[in-house]
Each structure stands twice: as C-alpha cells, then as structure tokens.
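Enquirer: If you want the building blocks of each chain, they are given just below.
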Amino acid sequence: MLQVVTQPQVPGKAANHNGPIAIRVEGLGKNFDKIQAVQDVSFEVEEGQIVSLLGPNGAGKTTTLSMLACLLRPDSGDAWIMDYSIKTEAAAVKQAIGVVPQEIALYSDLSAKENLQFWGKMYGLRGPKLTGRVEEILELVGLTERQKGPVAKFSGGMKRRLNIGVALLHRPQVLYMDEPTVGIDPQSRRNILDSVKKLNREGMTVLYTTHYMEEAQELSNRIIIMDQGKVIVQGTHQELVKIVGEQDRINLTVSQVVPKEIAERWHALEGVNRVSLNEDNSLTLLVSDSNLILPNLFEVATGLGARITSVDIQEPNLEAVFLHLTGRGLRDS
Amino acid sequence: MRIFTLAFKDLLQTTRDVRTAVFVVVMPLLFTYFLIAVNGGASGSSTDSRLALAFINHDPNGIVSAQFFNLLGNSEVVRLGVPDENAQARISEQVRDGTYTAAVIVPAGYSEQLIAGTPVKPQVIVDQGSESGQSALNAIETASDRLQGALQTARQTTQTFEARQPFTDATARQNFFNEALAAATGAWKTPTLTVRTEQGGTQSTGNQVSPATQLSPGILVQFVVLGLVSICVVFFLERKTQTLSRMLTTPISPLGILLGHGLAMAGLIFFQEILLITFGQIAFGVDYLRDPLAVLLVMVALAVWAASLGLLIAVFARVMEQVVMFSLIAMFTLSTLGGCWFPLEITGPVFSTIGHLTPSAWAMEGFQNVIVRGQGIGAVLLPVGILMAYTVVFFSIVTWKFQRRTSLNMA
Amino acid sequence: MKILDIAFKDMLRSFRSGFAIIMMFGLPLLITGLFYLAFGGIINGDNDQLAPTKVQVVNLDQTQGVAAGNSLVTFLQSQELTKLIAVTVSPDEASARQAVDSQQAGVAVIIPANFSNTIMDSATGAATAVTLYQDPTLRLGPQIVRELIGHFLDHYNGSRIAGGVLAAQAGKYGVTLDNTASQVAGLEYSQWAQTQGAQPNQLLDLQAPASQSANDKPLTSLIGSVMAGMMLFFVFYTGADTAETIVKEEEEGTLARLFTTPTSRPLILAGKFVSVVITLLIQVVTLVVASALLFGINWGAPLPVGFMTVGTVVLAAGFGLLLISFVKTTRQSGPVIGGALAITGMLGGLMTTGFNNIPSFFATINLLTPQGWVLKGWTSTLGGGGVGDIIGPWLVSIVLGLALFGVATLIFRRRFA
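Residue numbers (our numbering), protein chains in the order written: chain B, 15 to 347; chain G, 910 to 1320; chain X, 56 to 472.
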C-alpha cells in the first residue's frame, strides 16, 4: 500500500546548481552479509552548503558517512570529495575531510592539548604550524584554560567540543558530523548547532547526519531523507514539505474504542488522505484542511461511542514528509 | 533477607564473568596439579625418591676409590649412577640441569696417594644453594668421613700388627692393609649406633613428606586472594556506577550492603576451597578428611577473612585496574610471606617472623595442623581465632572507608 | 614519522598508567625481592642466619661410669652449637614427644637406655639407635640435628670398628693380642678422629655446577633464576597488555577516527608494534639493571645479554599481538591474557625457576612454549654462557616472534579490512 519514493521527485532540483560540487555520490551501495545497509545512494553537496542526512536509526546514514570517510569500502558506486574518488584516492579524501564521530573518540587519559597535538600530527601538521593550530582550536572550543587536564575529568559538553575541535585541526574543506547531538543536554546541543552554523558561515561544507528533523530543518540548505538504506527524497526544506502538499497533520488519542476500527471509518471520510496507527494506540492523520475535517472526525467518533481525549494539529513539516513517504513516523522506526 | 538477595545477585553476576571460571577454577586446579607434579609429588611412593649421584672414577683399579663407592652405596639418601664417557664430559651441565643432584669425581692415583698419606681431594660438583644439593653433599661428606676413618683403621691396625709380627715383604704388608681397609668399610655398612627418624603426625614413617602437603594448601591460600578479583569487580562497578546510590535509596542499610557483598565473596571462596580440597584429597591423597570438622572450620575462617580482604580492596580501589593490581600484590605478598610456596622454616629469621604474623601463614598453619601434624579440632582453634581477628580489623576499616566514601550514617 | 607519533602516544598512555608501571616493574621486582628477603644470607651456606631449631633431649641412658648418653647431651648443649640448636632437657620421652606435637620443639632426641652399654659391649655386636622425633612440617632443622648426632655417633662407631678390625685381623693371622689391645685401638682411633673433627670439610673439593659461574654465590644464583622467570612472565604480560591498546582504541572509537585521517592502516598497526617493542625494550633493560643493582644479579656478558634482550622483546611483542588478535573486546582480554600467559608461562618454566630437582623431561616441555625458549637463553647468560650458547634459543625467539607477528598482522588486516 505504501509507495516508497526511490528517485528524487523534487521539481527544479537540477536548477539549484549554483556553485562547485564538494561531494558527489553516485550509486553508492554496501552490504553486510545479506543485509543491504545502503542501496544505490546518490546525491550532491555544493561547496559552502550544510546538507543533512535525515532518517531514523538504521536508515543507513552512518554507513553512508563511513564510506564517504573511506572507513568502509563501497560494494557498488563511487563518490568524489573535492573531486577525489573515495575508492582510488582515499589519502587525498582523508586530507580534505574532517570527521566528528558520534561517540567521543578521544584519549581520555591524555590531556586536551596532548589529544590535539596527536591528532594534528595524524593529519600531517608539524612544528609551529601544529602548535598554532592547537592553540587556535583550544580557543575555538573554549578549552584554553583546561588544556592540561586529562579528558577523563571533562564534563560531557567539554568532551563534545573537543571531539569536534579535533576534526577541525587541519582546516578541512568538508566536515562530516555523525549525529553529534545524540544524548546530550539542550544547552550543549544549542552550542553545537551554533558552532556548525558559524563554521558554515566561514565557508565550510558540512555533511550532517541526524534523526532530529528540527536540527535538519534549522541547519540545512538541503536535506536528504534516508530510510532502509535508500535515499527516499532530497531537496530544500520548502521543496520537501511541498511533497506533502498543503496537508496538515493531526495526532489524536481516542478511548473506549478499538483504534483500528475508528481508523478505517476516518480513512473513508473525504479530505482524509492517510491514517496511521501509532504504537501507543494514538492515530496520525494527513488531511487537506484540518478546520474542515475535525467536526467530521468527532462525529464519527461519537457515532462509535468513542471519546477523543487529545488533539494536536501540525502544519506540514519533515516529519509529515517522512510519514507521507514511508507510512511511519521518524522516531518510531 | 535483603543481604542474601544482594549476595545472590553478586554471585549471579560473577558466574556470568569468564574471569570467574579462569581464576576460580581452571588456574588454581592447573597450578596445584602442575606444581605438585613438577616437585615429584604426583608419582606413586613406589618410585625411588633418592637423589641421583654421579660417580666418576679416574682411579678405576684403586682399592680406596672402590671402598668410597661402597660407602656411598650404603647411603639411604643417594642413588649411585655411573655416567658413560659422553655424559662424563658434560657432567657439570648435567648437575645444573638436574639429571644428577651431585657428582663425585675421583682423580687418577687417588688410592695410591691416600695410602701414601698424601692429601688428595675428590671433586664434588653440587649446587649447595638447593636443599637437595645440601642433602646429597651431607651424604657424600658422611661417606668421605667414614672412608677416612676406615683408612685410619687400616693404617693403625697394620701398624699395631706389624709391631707384633713384622711382614715378610711389602706386598704382604699391602695385602694386610687392603684386607683391613675392606673389613673396616664393610663394618661401616652396619654401624652399631644409628639415628632413626620418626615423623610426627600423619607421616609416622620415612623421611619424606609429600610436597603435596605443602603445595595443596599453599596454592589454595594463594588463589583465595586471586579468586576474589571477579567478585570484587562486581562490587567495585556498583560503587562506580549509579547502582550503589540507587541501592542506598532502598531500605537496605549500608552495613547490610557490605555484609551482602561480603557474603557473596565468602560464598565464592568457600566453593573454590571445596573444589581445591577435594582435588588435593583425591588426586594427591592429602588427608583433609582425617578431621573434616577441623578442616571445615579453617575453610570457613579463611573464606570469611578473604571476603573482608576483598571488601577492603573494593572500597580502596579508585579505578578498575587497581582492583586487579591490589589483588595481585596482596596475592604475591601474602603467599610468599605466608609460606604458601615454601615453608617459612627455611627462610631467614626476620622474614619468617614477619611471615608468621600474616593471616595466610595462620591459614596454612590451620590446614597443616590437620593434614600434616595429624591433630584435631583443638589445634585449629588458634589459627581460626587469629583469622577471625583479622577479619574484624579488616571489616572495621572497610566500614570506616565505605562510610567516608558514601558520607553515610552507617547505623 | 607518523609511526613514531602513534608509538609515542601509546607509550605516553602506558607509562602514565600506574597499573602498567606496577605490572611492568613493580611486581617482578617485588616477587624477586620477597625471595631475596626470604633466603638472603641463608643459602649462601651460612646456616647461622637460620633461627636455631628447638630441640628436646631425653636421656634414657642412666648408666653409671662412662655415660655416653651424658656425653651426647653435653655435646648438643655445647657452646658452638647454640646458633644452630636450642636444647632443652626433657624428663621423659612422652613429654618430649608432646613438645614436638604442640610445636614447642621442632625435634625430640631420644637417647635409648642401652646406649652406653651398646658402646661398651663390643663382644655381642648388638646395635641401637638414637630416635629423632620431628615436626613433619620441618625439613632443615631436623636435618641439621640428624647430621650433628650422626657425626657424634660415627666417632664411637669408628672406635668400635677400629677395635673390631684389629681383633679380626689378628685372629685371622694367628696373632694373639692382649685384652686391652682392642680398647687401645679404639682409643687411638678416637684421638685421631678428634684431630679430624677440628677441620671439617677439608676432604672434598667442592665446585658449583657449570651454569652458576656468573653468579658464584648460591643466593644470587637462585635470585637470578627467580628474577629471570618473573621478568619474562611480566614482559610477556606487558607485550599483550600494550598490544591490547588496539582493542581498547577500537572500543574508544579512536581507532575508527585514526582510520579517517590520512594515515594508512598498515602504518597504524606498525606504530602499535613499534610502541610494544620500545615499551618492552625499556622494561627489559630497566629490570635487568634494577635487579643487578638491587640483588646483585650478574646477568652475564654484555653481548649475549644484548642478544637475549632483543630476542625476548621480539618474541614477547609477537606473542602479545597474536593473543590480542583473537580478542574482540577488552572485557575478554583479561581472562585471555591472564589465562593464556599463566598457562604458557607455567609450562614454559617461568614459575618454577626457583625450584630444584625438576624432572628433566620438563625442560623439553618448556620448549613447547615461546617463554621456554627465551628462558633457556637467559638461563645460559646467567650461567655465564657466551653468544655461542644462546644463539639457538635466540634464533628461535627472533624467527618465532616475527612469524607470530606476521600471523597477527594477517588476522588484524582481515579484521579491519
């Protein structure tokens, strides 16, 4: 019943090409044993843009990013970062990119400064150049005062900042950030989002993975939505929400009735485009106009002897796009 | 009741850790078997336990060297062997490698020179630093002394006889001398006065106490400390993660928490003790069962003391690695000082005095009073009492430290 | 250059860990030190260092006149022996045995009632024995007492034999001797024996076995062996523990991050190997020097010691990497490293270097493990062996070490492909 969109269907996409391409991905695929983790993924990222890979856990975002970071070798397709192939020019690719892994990847028994010095050397920095960059990054991530303390004693936010700082040492042209805000407090999250914007203003191309649509919405010039290893749609925020049309999303909770029964009756109403049943027995409806349809919903419910205990109406957003395309919510996948 | 629930939870976690199987079961069993086997305790009593002594005679036709051989043959301590020429060339290496405990090399012309009264010494190659080397050397010295005695006897007999009735010629005199020498060495085979050794306790006869009676309880006491590692880790991790804080919000008292963890440790150690004691009894005939109640008392006291040590390690460790490190240091220090590897009797006075103060030495004493000295429950009360006293001291420190760490009212 | 950066970073981390330092240097020196304290002064043949053995003497020989029992008691109580034995005279046999049972004494000496009579009565040929009743847990003390009494009794035995042989030889050749002749012979022997007793141990030319020439004193020889065993055990441990940083970094996420930098994977592995090698080199050199200074161990000539240092480092590094290549998580590595190294170390002979009289087939079993080969080499250098003596074990160490390293590299390359 569900139709998964496998090809970009956004009008005017080709016309968006304004600047040179920083990342070009063509038909990338990766299998783990029999599981197709990534299938035929293609997209492009222009220089100076922030592009988000949005999708639920297990959508293939991290696998895609790992291939683009030359950590995993693709089974099919290829990608070019600043015109270097990830398959044949890994060393050049690695020099061009900075990677912020999802987990804190630092030596907790070394100090902030020692960590930066080591990673700087791994990117080929030496001598005064290295010293200078280490100081700049310490300043940038606000750890100049704490540079000699072992990372193990840092707060979660400090570790996150240093984790990002390491990726910036060699002034990469492209920055990959893999879910950098997972499991952290709102304040640190705000900090990270602001710093991503700041980096981008300074000209950095950023490829950002997340399963928070608000982040994708706030940060990105363009958004690529992935699900089950495939790109299901891509475009700017405005372009994407147009897919859903002018549909509103209504979340309803009902009591005293079998939800499945009421779902079928509602779906039959004119103006209701889709009804999906959530795990918590609430219902999500995509409708043309919530103002017109709501009285009808109540009427049907009353007819079935059900009570509607809560109603939440949302204007079209990425969540709605994902729901529209997959029939599932972003978060309950 | 909550204490038992907590102890049971600890044991459950511990049994799921591979380390438990390795450190509590596999390694102590292997070590016990291996060390006892290497020390000759695994073979039956039928094999010859005498020390191998190489006798190399460069004076093959000499009468005195032949008698030396005979006298050495009288010894109950050494077993004589005559290496072939090839082996003779490498005799020093063979003593080093333990093929022979010692070697006696009789120089050419030995008999002639001795009879003429010229001092001449046989070479003895031996490692005096070893206990067996010392034993072999004593046997050689005794034989050498007796040989000198026999020579003296032959000399004075010949002189006394000559004073009464001169010999017809030198050959007659020599023959007489040789006969006297042979008679004297022969007489040394059955000396009138001898020393008879009686072992107290379970080993009523013979000189040799099986090494198993030292090593079986010794390795048990040693591994009691190492066996604690995995369960210490459980308590330590609880302290480091939030589970301890959460537990402190439940109605169990802080003292109850310590007792619960302690109980789990004691239970694990007791299980290990049963395993090793059964193994010692069955595989090496170490007689733990001669007084089961007395052995049980020592086992319980040792388990309880070890648990207090385990708690001590767990509350003092600041990082996980320290748990392992403290356990290893405790294991090596306590087992060396406690006489687990070698009896304290053969160590220097300072070392043995300090050693006798350690809880591990008292645990050894408790076990050995039963299995070697053959004594009963009365003989284990003092060791058990001392182990319990150590437990009280350790547990008090644990309570104090735990209180400081958690800033809690222990009541 | 990056190889050294990685190696330096790893070493900075290990040497900053108190645990690693204790395992590298603390424990081997501690264990050897304990042996040193336990046996210092004693096994250099200096029995004065032992606590005197407590002896209970019961003299059941109440013969009037020439009372040999009394002489034996007096001999045991003599001033020269007070450092070896502490003698208490017990009124009866039961209380003497009781004293041993209750550990009040190590040995009870029971002089039989017919002791003097047996000595006097040369005609019947009757024999008797002095009984030593000893605490079964003791070895050294009772042995000393046994030797002292044996020496004392041999004096009488010799006298009797001297008298007996004279009488027998005279009888054989038909010469009649007066009644006192045998007694005179016995007396003459006795006088001779006393002059001999004044200079014991002069009759044998004692030599240590070949191996111990570098450490001529028995103590340093024992301590050298113990130290060699412990050093090798902990060097192999450090090899595996340092190699474990690969697994640790995999868990920390830093290995994946390293792979995102322009640094090739073989280079990263090589950096790890270099760090293991340098760490081990520092460890072996430190332990050799420290133990030489602390315990007076003479490890041997510089050249073979240098060879064995290199051989040990290569083999321990290769073996450590191989062990770690089988480990998936640091949680597994504890039991794997601990178990595998304890068992191979045990079979390799590392735990039993301080023991004597180890069956000779064990030397063959040793060589089934990597540790056995390096131990063989170090035993040679400790024994004053030259390059020729260690070249065999050394070659095996190098070849085996490189082979194990090769296998480990293959496993890691497949794992991180």
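Honestly, the hints are just simulated from the structure, not real lab data.
A hint or two may mislead.
Here's a subset of chain B near chain X, in silico, CB distances under 10 Å, partners left out [claimed, not checked]: (1) S80; (2) A104; (3) P115; (4) E128; (5) G163; (6) P164; (7) V180; (8) L182; (9) Q187; (10) Y190; (11) N310.
With the C-beta cut set under 8 Å, the calculated list includes, among others, these residues of chain B facing chain X [as the list claims (entries may be wrong)]: (12) A105; (13) A119; (14) K135; (15) K212; (16) L213.
A virtual CB, placed ideally from N, CA and C, is assigned to each residue, including glycine.
Enquirer: Provide an ascending list of the numbers of those earlier hints which the structure does not satisfy.
Expert: Hints 5, 8, 9, 11, 15, 16 contradicted; others consistent.
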